[in-house]
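Chemist: What follows is the residue order along each chain.
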Amino acid sequence: MASGRGGIPGPSRPCRLPLLFLPALLPLLVLLAFSFSPSSAVAAAASPGAMHNNNWAVLVCTSRFWFNYRHMANTLSLYRTVKRLGIPDERIILMLADDMACNPRNNYPAQVFNNENHQLNLYGDNVEVDYRGYEVTVENFLRVLTGRHESAVPRSKRLLSDEGSHILLYMTGHGGDEFLKFQDNEELQSHDLADAVKQMKEKHRFKELLIMVDTCQAATLFSQLHSPGVLAIGSSMKGENSYSHHLDSDIGVSVVDRFTFYTLAFFEKLNMYSNASLNSLFNSYNPSMLLSTAYYRMDLYERPLNEVIVR
Amino acid sequence: MQCYRDMPEFIAQQMTNLGAEVYYHEFLPQSKHFHPLKFFTSTASSMAVKPNGTYANFGINTIGIIRAPRGDGKEAIVLVTPYNSQRVQSNELLSLALGFSVFSLLSRATWLSKDIVWLSADSQFGEYAAVSAWLNQYHNPMFLSHPVILDTKMYGANKIIYGPDGTTEKADHMSFKRAGTMAAALIFKVGETRKYGDRDSVTMYAEASNGQMPNLDLLNVVHYLAVHRQGFRVNIETFSSLLSSSWLKVIAEVFQNLGSVLRKINPDWKLDVTVPDYVEGTANLANSMYNQALGVPTGSHGAFRDYQVDAVSLEYSPAFHLRNENAKSSFLLRGGRLTEGVVRSVNNLLEKFHQSFFLYFLAAPSKFISVGVYMIPFALLLAPLPVVASALADDSKAKGKSVDDCKTRGDADDLQIRGGSWKWLKSARVLLVIQIWAVLVSLLPYYISQIPSAMAIQYAVIWAVLSIIILIALYAMFGSPYCAGVEWKLLKATMITSITIGLGLMSIINFATAQLGALILIPMCLFSLPLKVQLEMKLLPRTVLLASNILLTVLGFPPAAFLIMKGLSKGSWTLDIGEFWSWMEFLWEWSSATYLYLFLVHLPCWLLCIHVLLHPCHPPESKVKQE
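Heads up: the sequence lines are chains A and B, in that order.
For what it's worth, full-length UniProt numbering labels the leading residue of the first sequence as 1, then goes sequentially.
For what it's worth, full-length UniProt numbering labels the leading residue of the second sequence as 1, then goes sequentially.
Errors might be hidden in some of the hints.
Unchecked claim - Residues on chain A that point at chain B, a partial pick, calculated with CB under 8 Å: (1) 65; (2) 66; (3) 107; (4) 110; (5) 252.
The hints are simulated quantities; they were obtained by calculation from the structure and are not laboratory data.
None of these values were measured; they are calculated from a predicted model.
Just so you know, even glycine gets a beta-carbon here, dropped at the ideal spot from N, CA and C.
The shape of chain A in the complex, shown without the other chains (with noise of 0.2 Å):
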């Protein structure tokens, strides 16, 4: 996400006393009143205060079944690109339904590609599921949020972030107006998301955090947040569906939703010493390649744009 540091914004002037107070008390008010601005200054500066010092992962996949495939490929090859810039494994969740390599329904078992051409095998030893088939649900994918696990659940299923983190979220799948659909069976609501952002914050378990959606009516999704350091993009307003990026005749299923592809197509041309920033990803989408709007929302976010991307 960003590195270096923001400015720290001014303390808030203290109110003075009214001078109808007697005279020998105003010494120590104004002993006190010196005494809460640093603490107020401290308390204002606690976010930006604490360096950054690791990167996360969140990749979410919310659908299952063989005409969702598109869904997969977009995460996995998100999962490939954020793997290739310079997030370990162990850093990174990695939420799938996982049917489709081995779905009998696949002409090249074993293998999932998200573009036509076929070149690049996304599936292989080295994709860690961390969630995989019908552990992703609403209420886990809350949990990793927010932290709060059974006592059973192993490191590698949690988000072991701390206040120097900064948190990439992507989800896919099929959404609509304030939600989020989870395999057929659940929904996530956009004010589910916002608590749970909103507990992340209370925790510190995250410095900045990035949300990218790529579904229909995606920007919808975070109408609700008002944590601040989020900053979030989604593939379309509301009212307006995502579409996907092409078929593929010999797999007999879309492989890329638009959005992602081109994300994608952004990232490739990075590599893990780049410096490009988030405003040349945002102003790299086109709304007539898309044909939909991305959206994106900065006001909870305090640094402008020309930063570096995850790295």
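Starting from the structure of chain A, add chain B where the hints point.
Modeler: Chain B only, in chain A's frame:
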């Protein structure tokens, strides 16, 4: 080099070479005897195979099953190619070749998630008999206590195959193997070359028994793949006489002009239809409604529908000569790709087709009329009927009360019991008598058909005579409706109530029959007025009413309607009553509910109409005079 005695063995050997599981299914055709319970029970396997006898003339289906290597084996897709094993023709050979090439491709496909069953059905007793016998054994297996001894010298379970290196192996070709629930079925055959053209065409048949249709999605898949991918021309059955009729063109031109005028008024109203589209659509729609109304399946896909499996029949009409090898291999390629595409589409599904319509009429291979639209005219026809019935009953009750008040004041209880609000019971009794008569008439063919070896016309005459005798007997027993003192208004009200109920019930079973029946019955009933009452009207309305009464009554009588329809469609006006008997035989062979409708709803209503027309219209007098 092995010598094959005939086709089933050859097919079985080819399938075994591919590595599929193969078995034979032997069957005998079911008897076409009329049995009253056949309408209500599903055709349980009538014991066509007797345990202690040998039969040389039975049909042999050859079935091959490919198990999906990575699938779970719970579902199957069925491909059917019918051929006549006694007399195989070159077009049937081509359809077998097409089926085999698709089967061999699917045996090597890596994307299979459902099992594939290929049934090469022996159609010497008819294609439907073969497919329905196999399906019956598949879903309702019959376990005999005595093993069946058939002429199994060739196909017996003890058949020994001599392998190429001299070893022998037993082939278990007689045990019936299954593949799970059927997701969908595709029946295809190559017809004969009718005319040589530029494009091969495919005719889709979709209607199953009692007007049921497969899910529209299956037809859409076939149509899209055939037209847009493989370049076939897709047709559905149509009435060619309507296509060339001039009055239909006139109507179409009227609609086109009206539509263009409306479009000029408001460009959003896209109601104009071009004349060829309208004519073709009407012909197709008429045929679709007629086939559904008859209630008889248009092909062996109807056998699948009885088990809730979506199935469609495709008949390829090649436009090339069947000796042309280049054209044949190109046809195999395109037809094979079409079949493979349909199989792959069904294979990728998770559930059976259920998102699209099940109740629809086809106006073109890609145009349909759904239930929400075609229910409206029927509902409009049916909705006023209860109102009419209650208005008539109320009218007669009011008149009856005034008559009773005028006559006498004494013994009011007696009058109110005999007259007043219980008068409708008399007309209900008349209705009951007529319904009993109708039930007896519909059951008569069961006994008549047991008379051996008579011609159809003799059966028909016997049937007509017997029904008239029974009618007279019933009237003698229960009293004629005229001497019971039933008023014509109450009689008409009862008649209208009975057709409301009858048509309403029939519309749930087979909508097309109810719709077509309503078009004739409802005007006939509403226009019926006693002739004596008609004499009191003015000249012009009287003649119009009389003419319409005569026309509708003639049309309403089923044999007459049948003769008129036959004359109009074929152009030959022969008066053959025997054909009516054969038509009825056709209906009950297929357990079509249309037969029940004709005799339990249509015929009683017609007879009641005749009674209303000939009503003597005396006021209820005899009981009052006794006081």
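Chemist: Each hint needs a verdict: does it hold in this structure or not?
Modeler: Status of each hint after checking the structure:
1. 65: holds (6 Å)
2. 66: This hint holds: residue 66 of chain A lies near chain B, its Cβ roughly 6 Å from the closest one there, short of 8 Å.
3. 107: This hint holds: residue 107 of chain A lies near chain B, its Cβ roughly 5 Å from the closest one there, short of 8 Å.
4. 110: violated (11 Å)
5. 252: Constraint on residue 252 of chain A satisfied, holds at 6 Å.
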